[in-house]
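J.: Chain by chain, the residues:
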Amino acid sequence: MSVLIFVEIADGRIKKTALELISYGAKIAELLNVSAQAVVLGTTQDDLSQLGNYGVKKIIHADNEKLNQVEAESYTKIIAEIVEQTAAKLVLFSNNITGKSVAPRLSVRLKAGLVSGAVALPRITNGFVVKKTVFSGKAYAHVSINSDVKIITLNQNTYPALAVEGTAVIEKFNFEISTSKIKIIAINKISGEIPLTEAEIVVSAGRGLKGPENWGLVTGLAKVLNAATACSRPVADANWRPHNEHVGQTGTTIAPTLYFAIGISGAIQHLAGVNRSKVIVVINKDAEAPFFKAADYGIIGDAFEILPKLTKAISDIKNT
Amino acid sequence: MKILVCVSKSPDTTAKVAFTDNNTKFDNNGVQWIINPYDEWYALVRAIELKEANAAVTIHLITVGLADTDPIIRKALALGGDEAIRVNVESQDSFFIASQIAEVAKTGSYDLIFTGKETIDFNGSSIGGMVAEFLQLPYISLATKFDLKESVTTITKEIEGGEEICEVVLPIVVSCQKGMAEARIPNMRGIMSARTKPLKVVEPVIANSLTSIDNFELPPAKAGVKLIAADNVEELVRLLREEAKVI
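Protein chains in written order, with our numbering: chain A, 1 to 320; chain B, 1 to 247.
By construction, these hints were calculated from the structure, which means they are not laboratory data. One thing to keep in mind: the hints can contain errors.
Reference excerpt, derived from the structure (chain B facing chain A, CB under 8 Å, subset only) [what the hints assert, rightly or not]:
no.: 1; residue: D70
no.: 2; residue: P71
no.: 3; residue: D214
no.: 4; residue: E217
Cβ coordinates follow ideal geometry from the N, Cα and C atoms, glycine included.
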């Protein structure tokens with residue numbers, strides 16, 4: 001019996017979220033008194049044995065470049081075979097784009113109950129109960145998984161990647177791959193940017209910025225903080241910013257360590273998407289903006305005056 | 001060509017979330033119900049656009065729920081779509097719902113099954129993938145663009161760190177998000193005709209739920225905002241560094 005952790009590779013490298021997931025899985029394995037094993041699909045330039053430093057004992061590697069692009073059907077088939085072989089009772093994914101495409105298929109294949117968007121370790125003293133976000137972050141639900149095999153997808157920035165002492169053995173996995181019915185024509189990667197869901201710090205702005213031409217103030221602050229940028233829904237709807245930057249109930253839900261909300265009033269739909277941020281800073285010239293009620297720190301004032309000063313002040317301390 | 005659009009009922013995005021019965025039930029009191037935005041704005045509207053481009057397209061809507069779901073289904077029919085199917089059972093976990101949808105889809109010979117990218121209440125993002133696995137069909141998740149030429153579709157989908165453009169031959173299952181279509185509002189003719197469109201009620205098949213909700217919890221309220229003067233950004237930086245320790 002084991003906990004099987006899906007370790008995602010992107011552009012040949014182990015993803016940061018995978019390390020969080022391994023730490024999470026290793027902790028659950030410890031609680032259940034079973035072993036934590038990782039499954040890696042596709043080729044990588046990273047040394048997989050270093051994953052032992054996050055608590056896995058064995059890494060099952062389907063080392064084949066045909067798996068470098070995520071394809072839900074073949075991923076499901078291979079992971080299901082590995083689950084059977086290792087008698088895994090729990091399979092873990094990150095609750096990201098890849099997890100969302102593979103975990104539901106696997107759930108049906110294995111008749112395994114799926115909880116997506118977990119935010120804490122499962123409670124295993126009486127049954128198997130997972131806490132997850134519901135209502136797009138407005139609440140949590142405690143969900144029992146009642147099947148023999150279970151699947152959890154873990155929200156990003158929820159569980160810290162913890163280095164431990166340990167070593168892992170790598171075992172190659174041989175498999176047959178059927179031809180995919182999906183023909184990939186092109187892949188466009190957004191390079192150099194920090195993925196919003198993985199970012200520690202997010203600088204976000206709304207209509208208060210008045211127009212896309214003023215976004216230099218936002219990206220400038222983001223740059224000195226090594227942060228990702230985000231925006232409110234009206235900004236994305238007006239095409240001032242790309243839609244993948246939209247955070248909120250109908251956009252992306254995030255949980256960074258630090259969230260700056262600049263010129264965003266704080267409608268309930270927006271708050272739902274960001275209220276799991278550890279620290280929220282609100283800058284708004286309207287003292288009545290509802291966002292201040294959800295904030296840890298606030299400045300009432302004009303963003304156009306505050307942002308250049310703030311960017312400089314942060315840049316100064318970073319350089320000292 | 002036949003399209004099946006999966007439609008779910010969800011609380012209005014402005015709804016205040018509260019619970020009753022010792023935090024085990026969602027408090028319906030004063031809550032407005034809407035079509036789950038992703039199902040409506042992207043899945044349904046894109047299907048309607050395909051029908052507008054090709055009169056040979058038939059759109060069926062499916063939902064899993066009791067009779068209180070009917071107003072939502074009628075509203076969806078007012079936007080477009082030819083007929084609706086409601087599986088008459090209280091919705092349970094996503095495995096259960098997907099089992100019901102797959103059962104209906106099996107006999108409907110659909111070329112295309114659309115879902116929204118997730119529901120805004122339980123955020124599982126899993127119905128599409130589950131239905132695809134039940135039916136052994138390819139599943140394209142988080143599609144932002146969808147074009148159709150005869151039986152070959154060209155789809156742009158979001159992947160980790162970018163997008164992928166792919167070609168697939170029908171039948172397929174697609175989950176839809178922003179970019180697929182622009183939200184619409186129903187017009188009077190649509191509302192009138194929706195009243196007479198068929199809404200077929202079918203009984204559920206026996207299926208398991210693999211998960212169940214024990215109880216809910218609201219996030220703790222913030223302790224209160226610490227305000228800093230606009231001319232003293234250095235103080236904010238100091239607090240973030242020394243008190244919150246986040247920069």
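J.: Now tell me, hint by hint, if it's right for this structure.
T.: Here is what the structure says about each hint:
1. D70: violated, 23 Å
2. P71: violated, 21 Å
3. D214: holds, 5 Å
4. E217: This hint holds: B:E217 lies near chain A, its Cβ roughly 4 Å from the closest one there, short of 8 Å.
Checked against the numbered hints given earlier, this structure breaks hints 1, 2; the rest are met.
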